[in-house]
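J.: Sequence:
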Amino acid sequence: MLDIGRLGLVCNSRDKDLEPVEALKKALKNPTDQRLFKIAAALKIGLSSQEVYELSGVDPWFLHKFENIIAVERNLRALSLENRRVNKVIRKAKRLGFSDSQIAICLKTDEDIVREFRRRYGVIPVIKQIDTLAAEWPTRTNYIYLTYGGKEDDLSLESDGRKV
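Residue numbers (my numbering): 1498 to 1661.
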């Protein structure tokens, strides 16, 4: 959750209002705190990435990343949890950083239902670690993180049942 009333770049409850094309084009020319959202809105309504680049100066490589995120949003909005393809699309959305709240908005359901669906179908993060000393010598201070971009855990966590 961003502390600006949005969950992320896409799949926000207030994304329903379409801005006029000319207003978006004008907004793309001015670097503001809302520019990223204006870029996403412009791409959603059909402005080409080339046109957005010319107006904003944002590198096409980044605009392509925006297009990938918007494509996943469109796919989610076109599906429901009953659709067989939804598992694959949710997995891709999680890899791109979508929260369960964002996915729920796109699927018109509840966040808890999305979370339960993910767990039931194995769309869960894996544990990865980075050797912060590049294997120069043994260390116990590896950086550990969770990601949806892996297939198996790098290490297993032992639990005695206590919560931290």
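Some hints could be false.
Stated by the list, open to error - In silico DSSO-like links for lysine-lysine, alpha-carbon gap of 30 Å or less:
hint, residue 1, residue 2
1, LYS1562, LYS1591
2, LYS1605, LYS1589
3, LYS1648, LYS1605
4, LYS1526, LYS1585
5, LYS1562, LYS1589
Said to hold, decoys possible - FRET-style restraints, in silico, Cβ to Cβ:
hint, residue 1, residue 2, range
6, LYS1585, LEU1515, 15 to 21 Å
7, TRP1558, GLU1655, 17 to 23 Å
8, GLU1633, ILE1542, 15 to 21 Å
9, TRP1634, SER1510, 25 to 31 Å
10, ASP1651, TYR1618, 52 to 58 Å
11, ILE1610, ALA1631, 49 to 55 Å
12, TRP1558, ASP1530, 17 to 23 Å
13, PRO1517, ALA1631, 33 to 39 Å
14, ASP1607, ASN1565, 35 to 41 Å
15, GLU1516, GLU1655, 27 to 33 Å
16, ARG1574, THR1629, 36 to 42 Å
Hint data in this document are derived by calculation from the structure and do not stem from the laboratory. The model shown is predicted, which means the values in this text are computed figures rather than measured ones. A virtual CB, placed ideally from N, CA and C, is assigned to each residue, including glycine.
J.: The structure should be examined with respect to each hint, and the outcome stated for every one.
T.: How the hints compare with the structure:
no. : hint                          : in the structure
1   : LYS1562 x LYS1591             : 15 Å, holds
2   : LYS1605 x LYS1589             : 18 Å, holds
3   : LYS1648 x LYS1605             : 29 Å, holds
4   : LYS1526 x LYS1585             : 37 Å, violated
5   : LYS1562 x LYS1589             : 13 Å, holds
6   : LYS1585 x LEU1515: 15 to 21 Å : 29 Å, violated
7   : TRP1558 x GLU1655: 17 to 23 Å : 42 Å, violated
8   : GLU1633 x ILE1542: 15 to 21 Å : 52 Å, violated
9   : TRP1634 x SER1510: 25 to 31 Å : 50 Å, violated
10  : ASP1651 x TYR1618: 52 to 58 Å : 23 Å, violated
11  : ILE1610 x ALA1631: 49 to 55 Å : 43 Å, violated
12  : TRP1558 x ASP1530: 17 to 23 Å : 22 Å, holds
13  : PRO1517 x ALA1631: 33 to 39 Å : 53 Å, violated
14  : ASP1607 x ASN1565: 35 to 41 Å : 26 Å, violated
15  : GLU1516 x GLU1655: 27 to 33 Å : 52 Å, violated
16  : ARG1574 x THR1629: 36 to 42 Å : 40 Å, holds
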